[in-house]
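Those protein sequence lines, which keep their order, are chains A and B.
Numbering-wise (the numbering used here), the first sequence opens with residue 99 and increments by one.
Numbering-wise (the numbering used here), the second sequence opens with residue 1265 and increments by one.
Check before you lean on any hint, since a few could be wrong.
[What the hints assert, rightly or not] For lysine to aspartate or glutamate, the following DMTMM-like pairs were computed, each having C-alpha atoms within a straight-line distance of at most 25 Å:
(1) A:Lys484 / A:Asp455
(2) B:Lys1358 / A:Glu197
(3) A:Lys181 / B:Asp1271
(4) B:Lys1283 / A:Glu219
(5) B:Lys1283 / A:Asp455
(6) B:Lys1482 / B:Asp1271
(7) A:Lys190 / B:Glu1570
[What the hints assert, rightly or not] Among the chain A residues that face chain B by a calculated CB cut under 8 Å, a handful are:
(8) Asn207
(9) Glu209
(10) Val221
(11) Ile231
(12) Asn281
(13) Ile398
(14) Phe414
(15) Pro420
(16) Phe427
(17) Val430
(18) Leu458
(19) Leu461
Don't read these hints as lab results, they were simulated from the structure.
In this text, a Cβ means the ideal position worked out from N, Cα and C, and glycines have one as well.
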Amino acid sequence: MSSQTATGFFHIIRRELSQIAERPGLAFMLGPFPLLAMLLLAVVFAPGVPTNLPVAVVDQDGTSLSRQVVRMVDATSDVDVAKRVPTLAEGKDALISGEVYAVILIPDNMERDLLAGRSPELVTLYNNQLLSIGGIVARASTRAIGTFGSAVSAQILLSNGTLREDALNEIVPVPVQQNPLFNPALDYVQFLLSALGPAVIQIFITASAALSLSREAQREGGFREMLALGGSPLRSLLGKLAPYAFAYFVTLLAADAVLFGVFDMPFNGNFTLHLLNTFMFVCSCLCLGGFFGVLAGETIGALGFTGIVTGPAFGFSGISFPRITMNGFSWVWGALLPLTPYLQLRTDQVLRGAPIDISLPTLGWLSAQAVIYGLLLWGLVLLSGKRAEEVSS
Amino acid sequence: MMRFFADVIDALKDLFANKSARMTMVVSILIYACMYPQPYVGEIVRDVPMAIIDQDGSTASRELTRRLDATDGIKLTAVTSTLPEAERLFYERKVHGIVLIPTNFERDLLRGRFSPIAAYGDGSYFVLYNSFATAVSTVARNVGSEVRFARLTALGLDEGTANTLIAPVTSVTVPLFNPTGGYASYIVPAAFVLIIQQTLLMGISIIHAGQRSLGARKIFAAAVAYIGLYTVWVGVTQLLLPKVYGLPQLGDPLVLLALTLPFLIAVTAFGFALSQVVPTREAAIFFLVVQGIPLFFMTGIAWPIESILEPIRTIALAIPSTSAIPAFVRVDQMGASLSQVLPSVALQMALAVGYSLLAYLLLQQRRVQA
């Protein structure tokens, strides 16, 4: 870059910075506010794993064995027997009112039927409308009842002299060692919070660029002034977006610092790749946002575009509901959003510690987005610049 | 009365004449209605691709493999001989689960010993993990039960006693509501309550932020107009949308209305108060767009409220969506009666009164200043 062209670039940066400084609200959006939003989410997900989820028990049996079931359910870390109700109807009422996530029904004559070998049914009615919470509660209840069954089975075997003693070892002939790879504790901080932070910040990044460029387009002569000062469309754009690129790159890393520092989340991959990923993510979002800004030509519309595209982006990224199960439209739409490759690469490098060669295509995908959205933005600015000249001449 | 009615019509006309307001309060809701549910319409995960490492190569291990493949939850897509090979496929996202059957699996099983297998699920995607882990556990338990049954009967026990020993109790799980465990059924109805709130707040900011103050009657008329329009939107998103996408919908429309009105009054009043304190319309929209995700996770739909710190939980209740979203889900998807959501309805009413007062005071102040 020659000194003259560099001047144009720095002029634009200075102009953008003074525009930001004039708007304290905007300045607040660039760093403090995204971090506050991230901190709020962090506080929400701080426990990492849900524990002591309330359930209700209907103990129609009321025997020592049924009380043992209740104790064993209560003893799990996942659930907490918060309510004992006399009837199933009352249990369901508590579930619909949101007081409990499941009702465990121990039927009348449970102990008698068990001892008579009639294998009584212990029923867990769980709130599947709250899919993930309901699932946790149902699995915990099933496990506790299974443990109870094994204990009873062991007692019977012990009391029955005809059986070999090592029959005790046979209660679970094919035990499964479950190993959740990369996230052994199935911690929501590593799975969800780590992805939600960037999902919130991508809205800020895209909206900032959309606002910055739509403001120029909206203001009479603003576009011409911006192009003249920068010297060329490319330098003007670089100068305008550079302050945001820097601010959000730092913000994303600061949010990561919270995860790694405060939450002791492990970092398992290649840090250089993570930095590149973060940088390209910011670039891709800024180019996309800038494109919306010039396309809309006015601030409210630009933010409208941004909201519609970035608001639901997390759902399309495949973290909560996997991309392999999505329909064609969602798969393609998700592939166009910067958040999708960023979170995939983030999962690769932060959580999984994937080999670098496996992650490089994802970085290529994200970079291709940045290039395409950058070209679209650049082309649109060229076009708008020409139009502005025509109007003025 | 006729004048007031004319004012309401005028407010609606203003809304439709204002391009930004129309985009936000009408068009964007229609776009969201088409687009937002799309990632989730598959509802459930099935056939999670998995790799098997069969180090035993016996009849028993092949039978186990066949049964794993036969489940709904998983699908066998790769057979490898070593763990590193399977891990490579895992990193490439070609498989999301690995089952390892160790050497001597069959021999140990026949000799009446423990014969463990190892399952490696994908802890980076919980939905895939749950589908995989549940399928493997179920197959292993079933195979285990059959093995025990054969062993116990071989020891001379009659079938009944053997069954009692294997399963002294039967554990039955019954999903109440959302019986298929659909993901769209879980997320979409809740998310649309938030979309309703956010677009209504944005629309009010677009029309009223920084605007010269209107008379009290006109403002009241505008509020009635927005509440009327959004009552229709609640109907569309809570009654029509579930039908279109085949989601469960059990709610009584009257109970829904009893919840909708205080909710919309609270949001509208909140919107007018907000429009008086935000510096610009742009700031209002920016602020509201980025709040969507944090607000959603305060509601207890995706993350239990019991796990959220008490003070945060209490402060969050000041935002109408925090208590409205679970209440809407209970009414519309779980068929709750009015008495079962009464605390939430009462809270919405309190918020409606509180924000109306706040909006009134702020508007009054604006008028005094002007």
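Hints versus structure:
The hinted pair formed by lysine 484 of chain A and aspartate 455 of chain A fails the criterion: a straight-line CA distance of about 44 Å is larger than 25 Å. Of the supplied pair hints, the one linking lysine 1358 of chain B and glutamate 197 of chain A is violated, its CA atoms being roughly 41 Å apart against a limit of 25 Å. Of the pairs offered as hints, the one joining lysine 181 of chain A and aspartate 1271 of chain B is violated, with about 52 Å between alpha carbons and a cut-off of 25 Å exceeded. A threshold of 25 Å between alpha carbons decides the hint, and for lysine 1283 of chain B with glutamate 219 of chain A the separation of about 61 Å lies outside it, so the pair is violated.
A C-alpha spacing of about 49 Å is found between lysine 1283 of chain B and aspartate 455 of chain A, which places the hinted pair above 25 Å, so the restraint is violated. With a C-alpha separation of about 6 Å, the suggested pair lysine 1482 of chain B and aspartate 1271 of chain B falls inside the 25 Å cut-off, and the hint holds. For the suggested pair lysine 190 of chain A and glutamate 1570 of chain B, the alpha carbons sit about 19 Å apart, so the restraint of at most 25 Å is met. At about 12 Å, the closest approach between the beta carbon of asparagine 207 of chain A and any beta carbon in chain B exceeds 8 Å, and the interface hint on this residue is violated.
Hint status for glutamate 209 of chain A relative to chain B: violated, with the closest Cβ pair at about 10 Å, above 8 Å. At its closest, the beta carbon of valine 221 of chain A sits 5 Å from a beta carbon of chain B; the interface hint therefore holds under the 8 Å criterion. With 8 Å as the threshold, the beta carbon of isoleucine 231 of chain A comes within range of chain B, its nearest partner Cβ sitting at about 5 Å, so the hint holds. Among the interface hints, the one on asparagine 281 of chain A holds; its C-beta lies about 3 Å from the nearest C-beta in chain B, closer than the 8 Å criterion.
At its closest, the beta carbon of isoleucine 398 of chain A sits 4 Å from a beta carbon of chain B; the interface hint therefore holds under the 8 Å criterion. For phenylalanine 414 of chain A, the suggested interface contact is upheld, since its CB lies about 5 Å from the closest CB of chain B, less than 8 Å. For the restraint placing proline 420 of chain A at the interface with chain B, the shortest Cβ-Cβ distance is roughly 5 Å, inside the 8 Å limit, so the hint holds. Because the closest C-beta pair between phenylalanine 427 of chain A and chain B is about 6 Å apart, less than 8 Å, the hint holds.
Hint status for valine 430 of chain A relative to chain B: violated, with the closest Cβ pair at about 10 Å, above 8 Å. With 8 Å as the threshold, the beta carbon of leucine 458 of chain A stays out of range of chain B, its nearest partner Cβ sitting at about 12 Å, so the hint is violated. The interface hint given for leucine 461 of chain A is violated, since its Cβ lies 15 Å from the closest Cβ of chain B, which is over the 8 Å cut-off.
Of the hints listed earlier, those the structure fails to meet are numbers 1, 2, 3, 4, 5, 8, 9, 17, 18 and 19, in rising order.
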